[in-house]
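Chemist: Put chains E and G on the given structure of chain W with help from the hints.
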Amino acid sequence: MYLALYVVPPDYQQGDSARILYIHVPAAWQAMFIYVVMTILAAIALVWRIRLTEILAMSCAPIGAALTLVCLATGSLWGKPMWGTWWEWDARLTSMLVLLFIYIGIMGLYAAFDDRRKGARIASVLVLAGAVNIPIIHFSVEWWNTLHQPATIKLTGESSMDPSMLPPLIWMVISTKLFFGAALLDRARNELLDQDRSKSWVARKVLQADQ
Amino acid sequence: MSPLLEARQLEFHRYGNPVFRPVDVALEAGRAIVLTGPNGVGKTTLLRLLAGILAPVSGTLRHNARVAFVGHLPAVKGDLTCRENLDYERRVGPPGIALAEALAQVGLAGLGSRPSRALSAGQKRRLGLARLLVRKTPIWLLDEPYASLDDAGCTGVDTLINRHLADGGGVVLATHQRHPRVEPGLLDNIVLEVGVVEESQ
Amino acid sequence: MIGTGSATALFRRDMKLAFRRLGESLLPLFFLFTVIVLIPLGVGPGPTLLARMAPGMVWVAALLASLLALEHLFRPDLEDGTLEQWFVGEHSVYRRVLARLFSHWLITGLPVIVFSPLAAEMLHLPRHALGTLIVSLLIGTPALSLLGGLAAALTLSTRGASVLLSILIFPLIVPLVIFATGAVSMAADSLDPSAHLGLLAAFTILSLTLAPIGIAAALRMNLE
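These protein sequence lines map, in sequence, to chains W, E and G.
If you use this note's numbering, the first sequence corresponds to residues 27 to 237, in order.
If you use this note's numbering, the second sequence corresponds to residues 1172 to 1372, in order.
If you use this note's numbering, the third sequence corresponds to residues 669 to 892, in order.
Next up, chain W with everything else stripped away, as it sits in the complex:
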């Protein structure tokens, strides 16, 4: 399934650089989707203090950040040949940049506490604050942009998609979803093992001391 990622996109219209779309668009969608998942997990973690959801929510952040970064990087690479500039104060670009900062903030906050469960719960508060704020940010940035520089090229304004481009895109979206699922479970398992290791280590020490 993951191979589809490399095999599928032999389909282009505006030169080879348009291929980037197959990475750029799914990454962007997925980066936002992950935030939704993380918000739900964080809310559950805060209300019921379930350790597994804490770990899962915190494992979301680096994946989300990575995909946001991928989205920004590919967007920038794509923008160079298309718009003639690496960076444009486009509404979407700006809100993705803000999203990246939120992801980084969550990761930083989680990492800043020695007690990981405490860190996870505090970072979860931030996840919820971000969840309230992200739609507002997106809306405000879009609005600000249209006010100040109405002539900017819009990603959405691109030519209606050729039907032949659609299937690979859908495959890519599905495969990023699966990638997220796999990466999330993998990260969560590592995190859990890491926390448990120290736990059994402590237990063994206690037993040794008793003997």
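If you are wondering where the hints come from, they were derived from the structure by calculation, not from laboratory data.
Ideal Cβ positions, reconstructed from N, Cα and C, are used throughout, including at glycine.
A hint or two may mislead.
Derived lysine to any residue pairs resembling SDA-like cross-links, with alpha carbons at most 20 Å apart [to be verified]:
1) W:LYS144 - G:LEU746
2) G:LYS684 - E:GLY1249
3) G:LYS684 - E:SER1284
These stretches of chain G come out as covered by chain E in the derived footprint (C-beta under 8 Å, 3 or more residues) [claimed, not checked]:
4) 675-685
5) 747-753
Modeler: Then chains E and G, alone, in the frame of chain W:
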């Protein structure tokens, strides 16, 4: 009559492990409870749980009266004078005795207008204890109240505790230096035990 | 009843402390003027350019003034033990949080507002936009204190708090800056700024309802 403070099966975790075995606490009016146990067993943690500063991982807590907590930190603003610090405390809760009277009772008479930054550790401690007097709080939670106090100070704390118990208050205190000189019939003891660490498979 | 009493008591004490450290409390004002003086020196004194930049500059100054004081919003109270006293027995933490944020706003927000006409004049902001600038500051700076307070509360007991604090606060206040400076720019172009101001007010009210809850929760977790 219901107890002043009632806690059932309180539990708290740190680094994913329970700090102590689940504890029950019931504080009756006119009685004192001493928490003992080795260092690091969670005496401070339990007191902070009982105060409501920390949220327990499991268990229930009920206050049937107002609570005062004197911890390791004096909770005193160094930029303010002793009198100003106490004045703040007095405004927060239902007011107790007058400021000058409280200062005299903890042996700080005449130091009211001194910036509390200039106090010694023991004097700051005394100022923290004076907080108990300027507010009407039947439940006292004291963390190592004898720490950094001289002999006269320790006796002073005993006097305060005895008077408080006689007035129908209750005291929970953690200590490993000295037990309060209280009539033995009024004293209970809770010995904390280290929490059980779950062994993973 | 008691909850209100403890909040006003806290507010009185905070004010007393602020006056005892008057130099520190006046820092935001110095900041405002440093920005207002340095930027024309940096970009040149052309009145049209300055007028275009004026709303943003005054707002950035307000933002920096607020940020500057954030690290001391809860930290001294954590260190001397007065913060844990907020949580003892009572259930009025929400009000105390509001009282603390109100004094933060009085120290960092209000001076900027009071002196903003002077700053606006120095930056050649059109006179008819001045009213909008002041209104935007009046509505917006409380949200700055609220969101800054949230970031400060979240990072309270962390290592390297100041770095995290600035990372956290940036995304939170993006809409605030956009709405506020948007309103003033509209007014400067003789357009109706009320839509922007309305959105700004909505944003502030939303932060006023949600941020103190988040702050109280974050403070308590940081006390663990």
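Chemist: Between the region 747-753 of chain G and chain E, are there enough contacts, at least three residues with CB-CB distance under 8 Å, for the coverage claim to hold?
Modeler: With 6 residues in contact (Cβ-Cβ under 8 Å with chain E), the coverage given for the region 747-753 of chain G holds.
Chemist: Does the structure keep G:LYS684 and E:SER1284 at a Cα separation of 20 Å or less?
Modeler: It holds: about 15 Å lies between the C-alpha atoms, which stays within 20 Å.
Chemist: Given the hint that G:LYS684 pairs with E:GLY1249, test it: the Cα-Cα distance must not exceed 20 Å.
Modeler: At roughly 12 Å apart (the allowed maximum being 20 Å), E:GLY1249 and G:LYS684 satisfy the hint.
Chemist: Tell me if the straight-line CA distance from W:LYS144 to G:LEU746 falls inside 20 Å.
Modeler: Distance ~17 Å between W:LYS144 and G:LEU746 Cα, so the pair holds.
Chemist: Taking beta carbons only, do three or more residues of the region 675-685 of chain G come closer than 8 Å to chain E?
Modeler: With 7 residues in contact (Cβ-Cβ under 8 Å with chain E), the coverage given for the region 675-685 of chain G holds.
Of the hints listed earlier, there is not a single one the structure fails to meet.
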